[in-house]
Each structure stands twice: as structure tokens, then as C-alpha cells.
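**Student:** Using the sequences and the hints given, assemble the complete structure.
The sequence shown: position 208 = 208 (the working numbering), numbered continuously.
Certain hints may be false.
Only pairs whose alpha carbons sit at most 20 Å apart, straight line, appear in this in silico SDA-like list of lysine to any residue [unchecked claim]:
#1 315 - 334
#2 315 - 328
#3 444 - 388
#4 420 - 436
#5 254 - 374
#6 139 - 126
#7 269 - 222
#8 395 - 344
#9 139 - 106
#10 395 - 444
#11 254 - 375
#12 323 - 384
#13 315 - 329
Derived Cβ-Cβ restraints for the label pairs, each shown as a range [to be verified]:
#14 431 - 386: 25 to 33 Å
#15 311 - 92: 23 to 31 Å
#16 344 - 432: 43 to 51 Å
Honestly, the hints are just simulated from the structure, not real lab data. All C-beta atoms in this analysis are idealised placements derived from N, C-alpha and C, irrespective of residue type, glycine included.
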Amino acid sequence: MRFELEVVVHGFIYGSAGVSFSILICNHGVCFSSRSLPTLQLISSAIRRCICSERLCRLSVLLQRSPASDPPLVRISISDTGHGSCIQEFQDLKCPVEGILAETWDGIVYVRTTKIADISDTEISCYQLNLKENVATRKPMWLPSNIKHDVKFSGTEVCLSVSESVDVLLAEINCFFHQILILKVPNIAMEVVADGQDTSGSRNDAVFLENLFSGSSFTASTLDRLKLGFEDYVLGHGSSSTCNSCFPNRDELKSGGGMVCEDKHKLTKLVVEAAVVISEISNPTKNCFGAGCSDTKVLFFKDFVPCTISEAFLKALTGIDWKRHGLTLECAINQRRHALLKWEKTPLSFHIHIVVHYYQKTRLDKKLISKAVQLALEDFKNKHAGFLLSVDNLKISRFAPDLAKAIAGLVLYSNDMDFKRECLAILGLQPHQSEGEVVEETIKKKIISVIEKNDQRPQGIKEVACLLFRAGRQKLQDLDNECYMDDFDPMDL
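**Tutor:** See below:
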């Protein structure tokens, strides 16, 4: 399993038991160092069990040093109060153990679990598995069961021991949890605790704790939670603390979201969700995320797990009509942990972030991913006028100042006072507001607003063109009627 972390697409199955552009996407794999890979795979499984339980759950990761062992070992315990697990889940778990991982871990995991979706069973099953063994021939070694003593609960605990630095493990586990927080899963409280003694005998503790989200998170849609979680991720440049130097006000962030559904079978429905967050940072500090860079990192989640970027996903990104949103894609690069999108002529102060979550065990559907991102971009444009204008409308908008200046000149330099007064009324201005700059700026805003409205139209849909000065429509009609009543022929001019 591998994790990927910089652009987000969010999908799931219902019905079954400078400018920096960042897109988040999750897949079934985890892309961290091989040393922490088994731990992150097992944490991912625990998260899924909690989600499937559809009740309040706790997920705990405990790291315990054993300096007396030779070589020194770290015991890792991953426990959850989800719906229990079946032995098939661990028998089928694929975990590469080549290279460094083979030297730091013997492949043994110890499992204690209740039955799936049964809190009333009387025993806790215990067994061990060697994940270095071939999946086809892997068999459990059963251990004595534990009695529940009439206590009703469900859950799973998985333990393993590795020869690795606690600091290294803790850093990657914390990083992983910070990325999982993007999804804002409402029913899981998470904690990570590093506990033990170093060689000098002093005690060291390190804690990551995330309480359950507010009550509103339970009623919010998954797409709204995704947008909110990604906003938090952007505000902290990927950490849990907001960067106040770049984001003194959360309102400076603007977001949009899109969702695509497709019925795969009678009882299942594939959902892909995408969220877009845009921020403007005029003076980012040197150490801040995206400083001096207009590239877009694309993160990908699948089944609530960050993943590596596949070529299929990369093709889905390159297949998007970016020019419709004012972006010209120079190239897309697969950097394993994220897809990197490079743009032509993009300002460095404007940052675009995208997250996608995809739920499906089969291969990726490129069309659904592309459509979800497109819908998120369209939703953003509809909410925030003037942003992500298409390349064509960007070119047209450059002429707005000159056109506004020409129209203002016709009005202001006219000797017909009635004509001038009528024009000011159409613009919504009073006679005392007849200064050149005021009239010119008002006309320019109206021109740009028409361009923006035209840009928001879905492709392929034809509508009657917007009137530039809507307020004067009836007055212009009345003027036409007066001309015909007086037998006035415009051609006489």
C-alpha cells in the first residue's frame, strides 16, 4: 500500500456494509519511506474499520522503546474500536519487505480482534502472521483466546516490533495523520503516543491527539468536510497550525467543490469528489509552502488513504480543459508522492490547491476524475467572480479599460446635456458623479461583469447575450417608441 499527499480527489462507495496549484488524491497505497510502510498500512486498515462501523470510534497508536533489547526495538501497537476484523484482511495484506525494511522488521504481526459487527461475542481471537511469507501460502498461528467477561465491545489491536528510531517513525506517522485530517472523518478520535526511556534513562513522551470534530461535521456532507479539511491543510501549509504570516484571515481563502456519481452495481455507487482552494499570498516567507513557485502539487486519496500517483491519474489531469479556467498547462510530472503541474505565465502570489478522494477497488476511471475536478473549478468560478477566467475571456478583458475610456469619452464630451444625464442614470450615477475617472471605472466594472457572466456559462449552451447596461433597457425601448411616434427615421442622420 502506498500514500500520496499533495492534490486531493475524494471518492467513496455508498450502499455497501506565487500561484501554487495543489491537488489532493488518495489511493489504496501509501507513499512514505519503506521503514514506516507496514505501520501506515495497518493504520489505514484500522481507519477503514472505524469508518465501516458507522459509530464513534477511537484509534490509538502507541510506540514503546525497548533499549534493553539488542538491537534496540520499538514496539508499535495500533488499536481501534471499529467493527472488528477477519483473518482474510491480514492474510491478503501485501507488504514489500525488500532492502532496509527486511533488516529492520521480521515480518511478524500479532493480532487480537473481535468478530466483525458482533459486540456480543464472548471471546477475543488472537493469532500471529508472518507478512514476509507469500500471500498464497500465508497461514496464521493461533494463540490462546481472551475472554471478554460479558463486556460488550468490538475492535482490533495489531502489534509489531521494528528496529528503528522512534523519532523517524513518529515523524512519518504524525505526517500521515495530518493528511488524513483533510478528510475530516467525523466519527474517529485519533491519538499517537511515543513512550519509553532512552539510553540515558530519561523519559520521553510525544503526543498527537485529534478529538472528534464538532457536531456540525456529522451533519455536513462529505464534500463540505473535504473542503473544510483542505482549507485547514492549506492554512497550515500541511501542518496542524495556521501560518499567521501568510494567512492572517481565514476569509482570504476561497473554495469550490464538485462531485461525480456513477452506479457500478445494484448495491454500490462510485463517488469521486474534488475540492479547490485558492489563496493569494503577497509576501510569503522563504520557509513557507509554495514560496516563489507557481507549480501545482496534486494529492490523491483512495479509500481514505493517500497514494502514489499512477499514470492513469496523470492522464486524467492532463485531459482537463485548463484553458477554460485561465490556465495553460506546460507539463505534468509524476513525482510519486504527488503529481506536479507546471503552468505557463502564472503569477507567483496566486496559489491554487485541489484535493480529490476516489473510492473504488478497481482501476481508476480517468473520465470521472477529470469531470470531478472540472465541476470543482466551475463551482469555484460561480462563487467567486473574476477568478479562473478562460484564456479567451482573459484576452477580451484586457481591452476593458480602453473600451471603458472610449465610451466614457463619448458621454463626457457630449454637448447634449439630456444625453449625458440619461447616460449617467443608466450607469446608476448622480449628476455630481460625472468626473471622468468615476464614469470610466463604472463602465469598466460593467464590461468586466458581463465578461465574467459569459465565462460562467456551461460549454455548448447558447443564451441571449447580456445587456451591458441592463438598467437602461426600458428607457432605450421608450426612446425607440418616441422616435417612431414622431416619424423619425434614424437613417436621416
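**Student:** Take the hints in turn and mark each one as holding or not.
**Tutor:** Results for each hint:
1. 315 - 334: holds, 10 Å
2. 315 - 328: The given pair, whose Cα atoms are some 16 Å apart, holds under the 20 Å limit.
3. 444 - 388: holds, 19 Å
4. 420 - 436: holds, 12 Å
5. 254 - 374: holds, 16 Å
6. 139 - 126: Status holds; Cα separation ~13 Å.
7. 269 - 222: holds, 15 Å
8. 395 - 344: holds, 15 Å
9. 139 - 106: Within the cut-off at roughly 16 Å; holds.
10. 395 - 444: holds, 15 Å
11. 254 - 375: Status holds; Cα separation ~15 Å.
12. 323 - 384: holds, 18 Å
13. 315 - 329: holds, 13 Å
14. 431 - 386: 25 to 33 Å: holds, 30 Å
15. 311 - 92: 23 to 31 Å: holds, 25 Å
16. 344 - 432: 43 to 51 Å: Given about 46 Å between the Cβ atoms, the range holds.
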